[in-house]
Amino acid sequence: MSSLNTLTLADAREALRSGDTTSAALTRACLDAVEAASALNAVVHPTPDLAMQQAEAADARLKAGDAPSLCGIPLGIKDLFCTRGVASQAASGILEGFRPEYESTVTTQLFEAGAVMVGKLNMDEFAMGSSNETSVYGNVVNPWRRGNDDTALTPGGSSGGSAAAVAADLCLGATGTDTGGSIRQPAAFVGITGLKPTYGRCSRWGIIAFASSLDQAGPMAKTVRDCAILLQAMAGHDPNDSTSADLAVPDFEAMLTGDIRGKTIGIPKEYRMDGMPDEIEALWTEGRTMLEDAGAKIVDISLPHTKYALPAYYVIAPAEASSNLARYDGVRYGHRAKLGQGDGITEMYEKTRAEGFGAEVKRRVMIGTYVLSAGFYDAYYNRARKVRTLIKKDFEDVFAQGVDAILTPATPSAAFPLGQEFDDPVQMYLNDVFTVTVNLAGLPGIAVPAGLDRQGLPLGLQLIGKPWEEGELLNIAQTIEDRAGFVAKPAKWW
Amino acid sequence: MLDLTYEAPKPRVIAGATGDWELVIGLEVHAQVASKAKLFSGASTQFGAEPNSNVAFVDAAMPGMLPVINEGCVALAVKMGLGLKAKINLTSAFDRKNYFYPDLPQGYQISQLYHPIVGEGEVIVDMAPGVARRVRIERIHLEQDAGKSIHDMDPHMSFVDLNRTGVALMEIVSRPDIRGPEEAAAYVVKLRQILRYLGTCDGNMQNGNLRADVNVSVCRPGDYEKYQATQDFSHLGTRCEIKNMNSMRFIQQAIEYEARRQIALLEDGKSVIQETRLYDPDKGETRSMRSKEEAHDYRYFPCPDLLPLEIEQAWVDEIAASLPELPDAKKVRFVTDFGMTEYDASVLTADVESAAYFEEVARGRDGKAAANWVINELFGRLKKEGHEIGESPMTARQLGGILDLIASDAISGKIAKELFEIVYTEGGDPAAIVEARGMTQVTDTGAIEAAVDEVIAANPAQVEKAKANPKLAGWFVGQVMKATGGKANPAAVNQIVAARLGL
Numbered sequence: 001m002s003s004l005n006t007l008t009l010a011d012a013r014e015a016l017r018s019g020d021t022t023s024a025a026l027t028r029a030c031l032d033a034v035e036a037a038s039a040l041n042a043v044v045h046p047t048p049d050l051a052m053q054q055a056e057a058a059d060a061r062l063k064a065g066d067a068p069s070l071c072g073i074p075l076g077i078k079d080l081f082c083t084r085g086v087a088s089q090a091a092s093g094i095l096e097g098f099r100p101e102y103e104s105t106v107t108t109q110l111f112e113a114g115a116v117m118v119g120k121l122n123m124d125e126f127a128m129g130s131s132n133e134t135s136v137y138g139n140v141v142n143p144w145r146r147g148n149d150d151t152a153l154t155p156g157g158s159s160g161g162s163a164a165a166v167a168a169d170l171c172l173g174a175t176g177t178d179t180g181g182s183i184r185q186p187a188a189f190v191g192i193t194g195l196k197p198t199y200g201r202c203s204r205w206g207i208i209a210f211a212s213s214l215d216q217a218g219p220m221a222k223t224v225r226d227c228a229i230l231l232q233a234m235a236g237h238d239p240n241d242s243t244s245a246d247l248a249v250p251d252f253e254a255m256l257t258g259d260i261r262g263k264t265i266g267i268p269k270e271y272r273m274d275g276m277p278d279e280i281e282a283l284w285t286e287g288r289t290m291l292e293d294a295g296a297k298i299v300d301i302s303l304p305h306t307k308y309a310l311p312a313y314y315v316i317a318p319a320e321a322s323s324n325l326a327r328y329d330g331v332r333y334g335h336r337a338k339l340g341q342g343d344g345i346t347e348m349y350e351k352t353r354a355e356g357f358g359a360e361v362k363r364r365v366m367i368g369t370y371v372l373s374a375g376f377y378d379a380y381y382n383r384a385r386k387v388r389t390l391i392k393k394d395f396e397d398v399f400a401q402g403v404d405a406i407l408t409p410a411t412p413s414a415a416f417p418l419g420q421e422f423d424d425p426v427q428m429y430l431n432d433v434f435t436v437t438v439n440l441a442g443l444p445g446i447a448v449p450a451g452l453d454r455q456g457l458p459l460g461l462q463l464i465g466k467p468w469e470e471g472e473l474l475n476i477a478q479t480i481e482d483r484a485g486f487v488a489k490p491a492k493w494w
Numbered sequence: 001m002l003d004l005t006y007e008a009p010k011p012r013v014i015a016g017a018t019g020d021w022e023l024v025i026g027l028e029v030h031a032q033v034a035s036k037a038k039l040f041s042g043a044s045t046q047f048g049a050e051p052n053s054n055v056a057f058v059d060a061a062m063p064g065m066l067p068v069i070n071e072g073c074v075a076l077a078v079k080m081g082l083g084l085k086a087k088i089n090l091t092s093a094f095d096r097k098n099y100f101y102p103d104l105p106q107g108y109q110i111s112q113l114y115h116p117i118v119g120e121g122e123v124i125v126d127m128a129p130g131v132a133r134r135v136r137i138e139r140i141h142l143e144q145d146a147g148k149s150i151h152d153m154d155p156h157m158s159f160v161d162l163n164r165t166g167v168a169l170m171e172i173v174s175r176p177d178i179r180g181p182e183e184a185a186a187y188v189v190k191l192r193q194i195l196r197y198l199g200t201c202d203g204n205m206q207n208g209n210l211r212a213d214v215n216v217s218v219c220r221p222g223d224y225e226k227y228q229a230t231q232d233f234s235h236l237g238t239r240c241e242i243k244n245m246n247s248m249r250f251i252q253q254a255i256e257y258e259a260r261r262q263i264a265l266l267e268d269g270k271s272v273i274q275e276t277r278l279y280d281p282d283k284g285e286t287r288s289m290r291s292k293e294e295a296h297d298y299r300y301f302p303c304p305d306l307l308p309l310e311i312e313q314a315w316v317d318e319i320a321a322s323l324p325e326l327p328d329a330k331k332v333r334f335v336t337d338f339g340m341t342e343y344d345a346s347v348l349t350a351d352v353e354s355a356a357y358f359e360e361v362a363r364g365r366d367g368k369a370a371a372n373w374v375i376n377e378l379f380g381r382l383k384k385e386g387h388e389i390g391e392s393p394m395t396a397r398q399l400g401g402i403l404d405l406i407a408s409d410a411i412s413g414k415i416a417k418e419l420f421e422i423v424y425t426e427g428g429d430p431a432a433i434v435e436a437r438g439m440t441q442v443t444d445t446g447a448i449e450a451a452v453d454e455v456i457a458a459n460p461a462q463v464e465k466a467k468a469n470p471k472l473a474g475w476f477v478g479q480v481m482k483a484t485g486g487k488a489n490p491a492a493v494n495q496i497v498a499a500r501l502g503l
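From first to last, the protein sequence lines stand for chains A and B.
Everything in the first sequence is counted per UniProt numbering, starting at 1 for the first residue and increasing by one.
Everything in the second sequence is counted per UniProt numbering, starting at 1 for the first residue and increasing by one.
Do not rely on the hints blindly, as some may be mistaken.
[What the hints assert, rightly or not] Calculated from the model, a selection of chain B residues having no Cβ within reach of chain A, i.e. all distances over 10 Å:
| id | residue |
| --- | --- |
| 1 | D152 |
| 2 | L265 |
| 3 | V352 |
[To be verified] Distance windows between CB atoms, simulated:
| id | chain 1 | residue 1 | chain 2 | residue 2 | range |
| --- | --- | --- | --- | --- | --- |
| 4 | A | D424 | B | N244 | 45 to 51 Å |
| 5 | A | A359 | B | F47 | 41 to 47 Å |
| 6 | A | R288 | B | A320 | 57 to 63 Å |
| 7 | A | S3 | B | E71 | 49 to 55 Å |
| 8 | A | A57 | B | N52 | 32 to 38 Å |
| 9 | B | R136 | A | P239 | 37 to 43 Å |
| 10 | A | K362 | B | D20 | 54 to 60 Å |
| 11 | B | A320 | A | A57 | 52 to 58 Å |
| 12 | B | G119 | A | A359 | 43 to 49 Å |
Hints were generated in silico from the structure; no laboratory data involved.
Positions of the beta carbon are idealized from the N, C-alpha and C atoms, including for glycine.
Could you build all of it, start to finish, from the sequences and the hints given here?
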């Protein structure tokens with residue numbers, strides 16, 4: 001049983017329930033894998049002692065026949081989630097040494113469902129980035145490499161640590177958060193499944209905020225079924241989050257029937273971008289065929305305001321971020337700069353924030369401050385909000401026409417080398433081109449691995465669903481997973 | 001119900017070197033909502049607690065914490081709006097006002113710039129009987145208070161107390177309808193009265209639970225009327241805002257100073273710069289806090305952590321049905337039902353406790369007499385000792401008992417005042433005291449006749465004088481009252497003295 005950590009979450013659940021293995025053994029296997037994977041830099045705050053305690057408690061529950069859905073399952077938690085007594089820094093220097101006295105709602109629910117935490121996972125600073133290179137802990141390295149080329153590749157971002165940890169079998173699943181594609185793009189880059197739920201499905205309470213109207217937590221796992229199991233535990237109404245929806249959470253796993261006959265899948269023409277690699281184009285066509293073969297009806301649709309989504313996103317998200325990050329001022333917690341003789345409060349703010357934030361965070365805080373400032377507010381922020389409304393309406397229109405889900409590529413490319421786009425923010429922002437619309441419209445979106453490119457790197461497809469229809473979305477994604485038969489794993493080099 | 005009719009007071013006019021000037025004033029009053037918990041957290045709002053002890057994670061802006069609206073605060077804001085006959089907005093929304101300060105942990109204040117919960121209303125500001133100013137209310141919005149920075153505890157460090165952080169405030173914004181310093185103070189007094197009647201704010205200005213920002217400008221006679229006709233602000237002068245006033249006296253002093261400062265500038269050929277100023281009560285002057293150029297760019301935008309606040313008309317109706325009688329209505333009723341003057345009605349309705357006290361005294365008794373005793377005797381006595389009505393040692397029942405003894409002729413007015421003093425200082429049942437101490441008025445004619453005869457017999461010279469000059473009969477009355485210890489019925493004494501002297 002040396003490869004317990006390579007089990008899917010669903011298989012591990014069965015093995016635990018049947019007594020074939022124990023959470024202690026499973027957790028130990030994951031902790032060993034974490035220890036051996038320092039080259040990936042995916043787990044930045046390992047919590048082995050906590051994990052073993054949780055595992056033993058889970059084993060006791062399993063033995064007692066009281067085994068909730070995630071009982072004994074080792075997970076990784078993105079550093080953006082506040083976890084009681086465990087470093088929670090949003091991969092930022094400004095939260096140096098911050099250990100919250102509270103537990104986020106999502107992780108509370110996961111632990112109540114019996115989950116075990118192997119550690120906190122690397123990410124882009126404050127979830128701002130698409131390559132995991134803005135982290136104060138340094139970048140994560142993608143477990144995948146091109147053929148025989150050992151160039152280090154990005155795992156994507158911002159949930160790059162979550163993506164790499166799951167792909168490298170350091171844990172059986174992970175939490176991610178997605179503000180503009182931060183779950184789906186890294187999931188696609190490492191060949192796993194990642195779901196961004198409908199805005200309001202998972203509580204944001206205790207998750208360090210980037211852009212409040214866009215942030216949403218979601219599962220990242222090895223299979224669609226594993227995502228369904230994780231989402232079940234993560235989702236639900238939270239009176240502590242005014243934007244969380246007071247809706248019943250359906251049994252997502254039970255909805256994975258694999259039967260999508262009669263479903264209508266839209267293919268939006270605006271997602272066919274100039275200069276898109278032909279491999280992505282081909283994969284998209286394959287996905288279309290898979291769904292058609294499974295009995296779905298495919299229709300060509302138009303989402304006419306798509307091209308305005310990225311610029312609108314890069315106004316709204318920084319605007320909210322500039323305000324959300326104002327609290328990091330060195331007064332109450334986290335980093336505070338050493339002050340010189342005669343320095344006052346203004347110098348304390350300036351030095352603390354200059355030292356504590358990385359370049360990308362500063363860039364977005366400045367953009368956000370600018371677009372909200374007097375005289376520019378209407379031209380930028382208000383306009384972007386109007387665009388957002390139009391984008392939402394684009395989706396509402398096609399859903400009203402009978403479309404059940406929309407199929408698009410997940411990313412405009414496969415994982416790229418670390419450093420390649422780091423100095424070109426605009427190029428970097430283009431990574432989100434297929435994913436931001438979903439956040440702006442508050443819809444659920446899922447990235448599913450569907451194939452490999454010529455260099456052996458995974459490529460993903462994205463499905464976009466109707467609000468609150470994660471179950472249906474997962475079922476359609478299951479069809480792609482079944483038909484694509486994606487079983488490739490990165491060759492272990494670390 | 002009758003409405004009292006008012007005429008508007010004359011605006012305050014200041015004579016300058018180049019002619020007369022008038023004042024135009026608008027106020028933004030910040031009233032702490034009388035809620036036990038904060039606007040977006042469950043932390044207590046108790047005044048005077050140990051520093052930083054009433055602080056929830058969200059108040060301290062810990063990472064990942066989110067605000068959740070306190071329904072109780074919303075209800076109180078709606079109640080206040082209804083009390084000002086204002087429009088209640090069933091949909092309102094919260095915005096963030098962004099600026100950096102250590103006592104503002106979030107780096108923004110959650111407020112309602114674009115969509116306040118309460119729209120236009122009005123306040124009738126009483127200046128004198130028959131004279132009142134109608135001040136239009138532009139809006140009331142809910143917002144968070146900031147914490148407190150303390151700079152004088154240490155030469156090198158500042159301290160922050162977050163107890164007040166996140167406490168709910170109602171900002172009540174008036175139109176520039178106030179025309180003088182006294183009116184401004186009277187406006188705050190009236191608002192405070194309404195707040196306290198409704199129980200929406202305790203009105204404690206010393207604790208900072210009621211504070212005002214005062215906008216002052218000056219214009220030439222006639223200009224204000226042009227503004228009123230068109231609502232075009234260009235007819236008015238440039239205004240300055242005097243921040244954070246928490247005393248009626250300072251409000252008046254600051255306005256007076258500020259108006260004269262502006263007039264001096266204008267008459268000097270200079271212009272008034274729109275800016276925020278602070279009043280220094282020690283020096284009696286306002287000084288610039290920050291100019292328009294230095295003004296913060298607050299970068300207001302809708303708070304993405306909160307959904308628009310939707311309330312139901314039925315809920316508003318429920319609150320409306322629970323509104324107590326408000327000061328204006330109560331005053332009218334006192335004038336109509338008890339036949340008292342508007343002045344007396346104003347005094348008695350100044351606060352809800354006084355009005356309730358009076359009504360209990362007046363119940364089943366003569367209203368005018370009750371008003372008289374409550375205002376002149378009780379309030380006078382309380383004021384002498386610096387007591388509030390709530391601290392009165394004499395209950396309304398006791399005072400009513402004294403009034404009953406007067407009404408039944410059991411005691412004279414003079415004795416009643418003595419009795420009042422005894423009950424006030426020693427307590428007890430008035431009737432029992434009168435009985436025990438033999439204070440009952442003598443109405444027995446025989447006893448009075450005997451006393452009169454005795455006085456007449458002892459003072460033959462005075463009798464002669466009185467017969468010549470009937471006005472001197474009063475001397476005999478006085479002697480008889482003295483002899484009977486003030487207990488003789490004065491009317492009976494008068495009558496018998498006159499008869500015995502043959503007047």
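Structure-based check of all given hints:
{"no.": "1", "hint": "D152", "result": "15 Å, holds"}
{"no.": "2", "hint": "L265", "result": "27 Å, holds"}
{"no.": "3", "hint": "V352", "result": "35 Å, holds"}
{"no.": "4", "hint": "A:D424 - B:N244: 45 to 51 Å", "result": "49 Å, holds"}
{"no.": "5", "hint": "A:A359 - B:F47: 41 to 47 Å", "result": "45 Å, holds"}
{"no.": "6", "hint": "A:R288 - B:A320: 57 to 63 Å", "result": "60 Å, holds"}
{"no.": "7", "hint": "A:S3 - B:E71: 49 to 55 Å", "result": "54 Å, holds"}
{"no.": "8", "hint": "A:A57 - B:N52: 32 to 38 Å", "result": "35 Å, holds"}
{"no.": "9", "hint": "B:R136 - A:P239: 37 to 43 Å", "result": "39 Å, holds"}
{"no.": "10", "hint": "A:K362 - B:D20: 54 to 60 Å", "result": "56 Å, holds"}
{"no.": "11", "hint": "B:A320 - A:A57: 52 to 58 Å", "result": "54 Å, holds"}
{"no.": "12", "hint": "B:G119 - A:A359: 43 to 49 Å", "result": "46 Å, holds"}
Violated hints: none; the structure is consistent with every hint.
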